[in-house]
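Participant: Throw the hints in and build the complete structure from the sequences for me.
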Amino acid sequence: MPDPVIAAFRFGFGLPLPDAAPTSPQTMLAALSGPDSQLLAHPGPTTAQIFPLMAAATAAQKARRQAPPDQQPAATAAYRAALAPINALALGAAKGAFARALDAPDGFRERLALFWADHFTTRARARDQAALPAALMDEAIRPHLTGRFADLLSAAILHPAMLAYLDQGASMGPNSRAGQRRGRGLNENLARELLELHTLGVGAGYDQTDVRELAKALTGLIIGPAGQDFSAARAEPGAEVVLGTRYDGPALAPIRAVLHDLAVHPQTARHIAQKLAVHFVSDSPDADLVAALEQAFLTTQGDLMAVYGALLHHPAAWRPQAAKVRQPFEFMVAALRALGVSGLDVMQMTDRHFRRRLHNPLRAMGQPWQQAPGPDGWPEAPDRWITPPHLAARILWAMQAATIWNHTPDPQALLTRALGPRASPALVWAVPRAETTAQARGLVLASAEFNRR
Amino acid sequence: MDRRHFLRGLATAACSAAAHPWLTTVTLAGSDGSAVLGDNRLVVVILRGAMDGLDLCRPTADPMLARLRPTLADGGLPLGQGFALHPQLAALMPLWQARELAFVQATSTPYRDKRSHFDGQDILEAGTGLDLPDAAIRDGWLNRMLRALPGLTAQTAYAVGRDAMPILAGPAPSATWSPEVQLDLSAQSRLLLDHIYHDDDLFRQAAANALSLTANPAPNSGTTAKGALAGIDRLVDFAASRLHQDTRIATFSLTGWDSHRNQPSALRGPLSQLERVILRLRDQLAPPIWGKTLLLAMTEFGRTVAENGSRGTDHGTGGAMVLAGGALKGGRILGQWPGLDEAALYARCDLMPTSDVRDWAAWAMRGLFGLDRSLLETTVFPGLTLSPDPGLLR
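Sequences listed follow chains A and B, in order. Here my numbering is used: position 103 in the first sequence is 103, and no number is missing along the way. Count along the second sequence starting at 1, add 1000, and that's the number in my numbering.
Certain hints may be false.
To be verified - Restraint ranges, calculated between C-beta atoms of paired labels, are given here:
id, chain 1, residue 1, chain 2, residue 2, range
1, B, 1131, A, 62, 53 to 63 Å
2, A, 52, B, 1244, 39 to 49 Å
3, A, 52, B, 1075, 40 to 50 Å
4, A, 428, B, 1374, 54 to 64 Å
Source of the hints: derived by calculation from the structure; they are not laboratory data. Predicted model, so just to flag it, every value in this text is computed and none were measured. Here a beta-carbon is modelled for each residue, glycine too, at the ideal position from N, C-alpha and C.
Facilitator: The structure is reproduced here in C-alpha cells:
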C-alpha cells in the first residue's frame, strides 16, 4: 500500500490531506476521471470575454497615439480605463488559481494543470494580453489534461494565447498572397518550439528543414477578432513535408494532421515520459520509470490517463527521498493549506492584500506569476530555486504568513499538521526554542522538509 | 571543524550563491575567478525600456536635431566631436574630462522593425545574431562566456538586484543577490534556521549565504540618499563589495527608460540613477579597483529621432551605449555617426545603426580578460565578426 504522506507531498500540496483525498493510485486515478470541480468552483476568463476587451484597448491605444497634445491626458485616461477590466480579469484569475489549488480535494489534478501549463508556457507580451494565459489554462489545459495528448496539444497550440506568445501572427507564407504583397515571410518561432519543447524534444531527429516546413504548414493560422482564426491569404500554397510525411489540404486540416502526427510520435512519447518523471519524482529519474511511462504513451497513442497510471503504479514513484523542491507557487499553496487558509479567503482578499501577501512574494521567490523567462517554462532543478535571495524570500514569507494566518496557533500542532512523520529531529528540537509562536510556526514552513517533495 | 565555525568560515570566504554542493569545497579552498580572468572587472548594466541615446548624448552639431526635436534638444554640456551631454548629467563631466567616460553612438543589436521591449531585451541578453529571438539559444552571453572558461566559481559573476538577469542565465554557475532582501530576524531565529537546515546541503548553503549577507548590512552602506537613489546605493555598494573580492563580473538593470510622454520628466529619475551608479561605483571601488574596471550600459534599442506629439519619443532602432571606468580610454564619442538627414535614417524615422552592440561588448571582454577572438565569435556571440580593435582600454 503506497504511503499516503508520499502521495500528499509528491502528487499534491502536502499535508494536511483534504477530506476524502485520494491517496492510492486507484483512487487518485478515479478522482482524475471525474469532473474538474475547481474549474466550475472558481471560473476564470474566457476568450469570448477577453477579445472584445482587447479590441477596445487597442482602439483606445490608437486613439491616444493620434490625440493632439492637449487631449493626451484624456486619451491616456481612456486607455487606462480600457485596460482596467482586462487587468481585473487577470488578477481575478490569479486569485482563482490559488483558490483552486487550496480547495481541490484532488491535488494531483491541480499539480498536473500546473505541469501542463508550464509545458505549454505562455505569457502576455503586451498589456492587453494579460488575461490570455489564464484563458489557455481553462480552455486548453484543464479540459484536456485527462484525455489524449493529441487533443491537449491541438488545443494549446491553436489557442490565441499561444499564437500571440510565439508570434504566429507575424508569419506568412513567402509565396502566399499576403506574403507576396507585403514582402513578408515566415516566422519560425511557433514551429520550432512545437518541435523542440511541445512534442519531440530538443535534438530529437528533426532538422532545420523540418522546422521551416512546419512553419510553412502553420501559415494561415492567425489571431482574428474573436480568437484563433485562419487566413487563406497568408497560407503558403502547396504541400509541406515534415519528418517525411506530406501535408496538404484546405484551411486547418493539414495543421490538425501534422499536430496529430507529432503528438503520437515515439520521440514525443519519450520526451513527455521524461518530463513527467523529472517533474514529479527526480531530476535523474529511474530509466525503468521513464520507460514505463513511454510504453504507456506509445501503446495507447498518448492516452494521458494511461500515462499517469503508469507513473502512479511504478515503485520508483514512491521512493521516500524527496528529491525535488516545491516551486514557489506550490510552496505557498502548501503553506496556506497548512495554515488553514481557504480558497474563499483568497477570493475575498482585497486586490492590495492579494498583491502584497501572495502575488509579490511569488516574484521575490523567483516565480513571478505567469512570467516564465522563456517558452521552456520554469526550471526543474532544485538549485535553481533554492538560491540565497530566493530562499531568503521563502523564509521571510513563511514568517509573515505564520503571523497573518493564525488559525493553528500552537506551533507543535502546526508541525504535526503540516509535516506529520516528515518532521526532522532538528526541526522538532528547534520549534519549541523559538522566541515567539509566530516564529516557531514560520520555522515549520521554512524548513527544508516542508519545501521538498 | 565544528559547525558554527564552518558556517562562519563560509560566510566570510564565500558570500556566494554556490548552487552546487561541490562548489563549497572549491570555495573554501580559496579558489576564485582571478586565476582565470585576471584582475580586471566588468560591470554590465541593462537599461530596460529603450534608453534614448539621442537625448543622453545629443548630436548638437547636426542641424536636424533641433528641427526634429524642437522641445527636447535645448541645452547640453559640450563634449566635443559635435555632441553634448544631457544637461542633467553635469556631475559626470569630471569623469569625461578624466577620460573615464565614453559613449558609443548609433549602435544596436541585430533586432529590427518589430520594436518590442520583450524581444529586444531577449536578443540583447542572449547576444544572438538574428533580427528575431533565436529559440535555439536560451542562455545569456555572459553565461556562455563563463562556461567557456574552466575553473570559475559561482561568485565569479554576480547578478545583483530584484530583476531577473537573462544575460547571466544558463548552466554555468553564477551568484545572485538582491541587497533589497531584508531578513528581519532575531538572532535566535537565525540560529534556529542554521540548525534546521544543517542536514540538507542545498538549503544549508543557500541559507548560510542569505543569513550572512543579511546579518550585516552591505559594507559601506552609509547612504544618505532617499527613495530610489537609496536603493541604487545599496545595489552599487553590494556589487562593489563583491568586486573588491573574487567577483570579476557584476550585472544589474536600471529600468524606466520608456519615455513616450513628457520625456524630460520621464527620464529625470532614470538619468539620476544612471549617474548615481557610475559615481557611486567609482567611489566605492576606489582607485585600485576602479582603475581595473569597465562598466558597459546597454539598452534593447534606441528611440525615434523625431519627438512625438506628447513631448516623448517612440521605439526606434539605433541607440547609444555608455562606457565608464578607470580602465577605459574614454573622453571619446565612439562609433560612426550616420547623421540625421532623412536619407540617412533607418526606415526614415530611426537613427541608422552603424555598429553592433555585441562588437563593443566583445572588445571589452577581449581587452579585460584576454579572451580569444574565436571564442567570442563562435561561443559568446555566435556568428559575430569582430570589427577592427577600437582600443577601448587604457
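Participant: Would you mind marking each hint as holding or not holding in the structure?
Facilitator: Verification of the supplied hints:
1. One distance hint, 53 to 63 Å for the beta-carbon pair residue 1131/B and residue 62/A, is violated here, with the actual separation near 26 Å.
2. Range check, residue 52/A to residue 1244/B: about 57 Å between beta-carbon atoms, so the 39 to 49 Å window is missed.
3. The given range of 40 to 50 Å is respected by residue 52/A and residue 1075/B, whose C-beta atoms sit roughly 47 Å from each other.
4. Between residue 428/A and residue 1374/B the C-beta distance comes to about 58 Å, which sits within the given range of 54 to 64 Å.
Hint check: violations occur at hints 1, 2; the rest are consistent with the structure.
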